[in-house]
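A.B. asks: Starting from the given sequences, assemble the full structure and let the hints guide the process.
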Amino acid sequence: MQDGTLLTPWQERLLVFPEAKWDLVLVSDNASTDGHSQREDKRRRFLAELEMKRFKIKKIQDKTKTFYGIRAPPDIFRKYNCLLGTPDKGARNLNPEDIVRITTRIRIVYFILHKIEIPEEENKKGRLDGEKPEPDSNFCLLSQKKSTEKLEQLIQNKVFEAVFPLHDNTEGVGKDLKKKWARWRDVIYAQPVIEIRDYFGEKVALYFAWLGWYTIMLFPAAIVGIIVFLYGLVHFSSSQISKEICQANSTIMCPRCEPHCPYWALSDTCTYAKVTHLFDNEGTVFFAMFMAVWATVFLELWKRQRAKDVTWWNLYSWDEDEEEMALELINNPDCTIQTHKHSYLHSTLIILGVAVMITILIGIAQAIVIYRVVMNVYFTQSDWDFVRERANTIAVMTGALVHYLTIVIMTKVNRMVAMYLCNLERPRTFTEKENNFTVKYFTFQFFVHFSSLIYVAFFLGRINGRPGQYVRIAGKWRLEECHPSGCITDLFIQMAIVMVLKQTLSNCMEFLSPYLKSKFQKICGKSNGKGQVHTEDGMPDPCKANWLKNYNKVEVNVFSLFDEFLEMVIQYSFTTIFVAAFPLAPLLAFLNNIVEIRLDAIKMMRLQRRMVPRKANDMGIWLQVLEAIGVLAVISNGLVIAITSDFIPRIIYKYFYGPCASSNVSDIDCLTGYINNSLSVFLTKDFRSDTELLRMNVSYCRYRDYRNADDYNFSVQFWHIFAARLAFVIVFEHVVVCIKFIAAWFVPDIPQSVKNKALEEKHKELLEELSVIEHSTEV
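All letters in the sequence shown, in the order written, are residues 1 to 779 by full-length UniProt numbering.
Everything labelled a hint here was simulated from the structure, so no lab data went into it. The structure displayed is predicted, hence computed values, not measured ones. Incorrect hints may appear among the rest.
[As the list claims (entries may be wrong)] Restricting the straight-line Cα-Cα distance to at most 25 Å, the calculated cross-link-like pairs of lysine-lysine (DSS-like) are:
1. K59 / K21
2. K63 / K549
3. K755 / K308
4. K517 / K476
[Stated by the list, open to error] Ranges of calculated distance between the beta carbons of each label pair, as one might list FRET restraints:
5. I362 / H342: 41 to 49 Å
6. K519 / L345: 44 to 52 Å
7. D41 / M325: 28 to 36 Å
8. I463 / Y344: 20 to 28 Å
9. A744 / R462: 44 to 52 Å
10. Q61 / K179: 46 to 54 Å
11. R71 / I739: 55 to 63 Å
12. R462 / V413: 27 to 35 Å
13. E761 / S343: 37 to 45 Å
14. T359 / V187: 25 to 33 Å
15. G353 / G475: 20 to 28 Å
16. V356 / I739: 47 to 55 Å
17. N676 / V356: 23 to 31 Å
Built from N, CA and C at the ideal position, the CB exists for glycine as well.
C.D. replies: Right, dumping it as structure tokens:
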């Protein structure tokens with residue numbers, strides 16, 4: 001400097017890059033001031049409130065936008081450190097001139113900006129452009145009761161357009177993350193979680209830490225799934241059941257529909273039977289048990305990793321309520337704490353709303369079932385031999401496509417309904433609002449994604465009746481039947497199509513949407529950016545270009561990270577709940593997540609505005625959701641093996657009804673004759689109507705069931721299999737649950753090193769307090 005005073009490196013950086021000193025940037029539209037003096041007055045009064053709190057404000061006006069750089073005074077952060085005991089002490093990349101880390105600065109300033117209130121004008125007959133204040137969930141209530149507006153309402157009413165923190169693109173953590181993390185070439189390298197925390201805060205860092213851990217743990221699951229799949233592939237053509245189906249030229253099956261569908265030979269579905277054996281073999285039971293235990297081990301190991309991370313971040317004993325209360329007192333020492341409240345009326349309305357929504361979602365799943373039934377009949381009557389011979393498979397595949405479309409549509413509807421129900425509860429804090437919203441939205445999304453799969457897994461082919469007495473929709477269309485080799489292939493097709501489409505198309509839209517928006521804004525621009533703004537000494541202002549660049553990135557909202565969590569938890573549900581029918585699901589999830597990590601990194605660093613950092617020491621409600629999915633995985637996989645798969649009927653036939661049941665036979669496969677045993681006989685003369693079926697010179701046909709040939713009642717073997725299935729479900733679930741408990745006990749949630757470090761710190765604090773007491777006593 002001219003007076004010879006030496007500058008610190010941080011001060012020199014502020015001179016070279018003066019935009020780095022601004023915590024947040026407010027944006028308003030110049031067009032909103034034309035003829036709207038009330039908006040301009042509100043904007044002026046809001047900025048005046050900031051200046052009264054000694055905030056520094058820098059105004060830069062462009063042709064279409066006006067930017068306000070906001071920087072808080074240092075005493076705010078000194079109060080923060082005093083109230084909470086210097087939580088950022090010893091933080092990495094903390095400059096000596098800074099009192100707190102940059103993520104803490106942004107979070108505190110963002111909090112205060114959203115708590116500032118300006119009184120609404122009195123004697124105002126109406127609000128501009130449909131302005132309407134919304135109920136706000138505050139931790140703290142001001143003593144004044146007159147009507148006020150906060151930044152959220154001002155943005156809704158177009159007084160301001162946006163508020164966001166700036167990306168650090170010049171040097172430091174932001175530049176390092178762009179070089180080491182947000183690039184496709186780094187896809188195989190570990191994530192810099194510490195740097196992510198320093199730039200985006202703990203909430204985002206925990207998300208990427210969990211996603212990275214989940215991806216690593218998927219690798220052994222994918223290997224086991226590949227082995228199970230290869231086992232089925234090796235026996236693709238050698239399965240005794242497949243051989244019998246392929247050789248059953250003389251076995252005439254009952255028509256798939258009446259009256260125009262013909263009888264068909266069982267051997268026509270030879271390929272379908274071979275494919276079924278890929279996913280319904282001896283390895284299926286082992287893989288189902290393995291994945292149930294895997295889910296437990298994964299969560300237990302993640303809890304340990306999470307405990308290590310938050311301990312190193314000095315957040316192990318962090319209390320969110322204490323911090324939010326401190327921020328409220330820093331903003332307004334005269335505020336009154338908002339107490340916890342509960343309304344039975346609101347709770348009843350919310351329960352009814354959730355029940356109605358779930359009923360609608362189940363109804364949509366039934367509509368998909370009807371679609372498949374109608375399409376099955378339509379394809380069966382097709383003039384094309386290729387379509388007619390594969391009518392059921394094509395109906396299943398198109399039904400899966402329709403299912404995916406309903407997921408896309410209902411995702412938006414579910415979000416709006418969940419948010420509306422969440423607002424009825426009037427949550428006390430943002431975290432409470434996020435947790436309530438998460439439970440409702442995930443519940444709706446779960447039913448959208450899995451209600452159709454539940455039907456295919458547990459009801460398809462079991463409630464359709466029998467020839468001559470079929471269950472029909474509207475008295476016309478018959479429900480679907482399972483293939484003689486089992487129903488598990490239908491479940492596999494449904495899962496594979498939905499999971500592949502969701503991962504590929506969702507990832508494409510997730511990346512292309514902000515990418516195209518970013519490119520469009522660069523070309524057209526929300527603000528044209530022409531002209532230079534100059535400082536008082538006539539030099540070009542370097543802030544303008546950076547503020548415009550950040551503004552022209554894609555906007556983010558407070559639930560942006562929630563969307564990332566939801567996407568991964570839904571994928572986790574597919575990977576665990578019905579994994580017995582789709583052993584390649586962990587492999588698809590593993591490959592997707594490798595891409596997902598870099599896609600999210602590029603999107604957050606290069607395409608979107610910077611997220612407002614949030615502090616956290618765990619995943620919040622998501623951990624409970626993952627634990628609930630683990631329990632559902634045990635139940636569903638046990639039911640898939642017992643009900644969907646033909647594992648139990650094959651075991652019962654092998655040891656009680658087959659050729660190996662009565663004597664020790666070594667030169668014959670014990671499943672010989674299984675297909676013939678699993679097909680019941682129906683006399684065509686018992687068709688109730690005189691149709692074309694009676695004029696085809698077929699005296700009897702076969703269908704998949706265990707019924708007597710004379711009265712069509714369930715046979716003894718049916719009840720034998722039913723009892724075995726029930727017993728298997730009970731034994732399977734108890735065994736797997738016991739293994740899960742043992743695994744959870746064997747792998748402690750918190751490492752001993754973390755516990756010991758907490759003890760050492762507590763011991764050190766007590767010694768310091770004791771020395772203070774002894775010193776005061778001596779004095």
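A.B. asks: Please go over all the hints and tell whether each is borne out by the structure.
C.D. replies: Hints versus structure:
no. : hint                    : result
1   : K59 / K21               : 14 Å, holds
2   : K63 / K549              : 15 Å, holds
3   : K755 / K308             : 10 Å, holds
4   : K517 / K476             : 49 Å, violated
5   : I362 / H342: 41 to 49 Å : 29 Å, violated
6   : K519 / L345: 44 to 52 Å : 50 Å, holds
7   : D41 / M325: 28 to 36 Å  : 33 Å, holds
8   : I463 / Y344: 20 to 28 Å : 39 Å, violated
9   : A744 / R462: 44 to 52 Å : 35 Å, violated
10  : Q61 / K179: 46 to 54 Å  : 34 Å, violated
11  : R71 / I739: 55 to 63 Å  : 56 Å, holds
12  : R462 / V413: 27 to 35 Å : 31 Å, holds
13  : E761 / S343: 37 to 45 Å : 42 Å, holds
14  : T359 / V187: 25 to 33 Å : 44 Å, violated
15  : G353 / G475: 20 to 28 Å : 34 Å, violated
16  : V356 / I739: 47 to 55 Å : 39 Å, violated
17  : N676 / V356: 23 to 31 Å : 49 Å, violated
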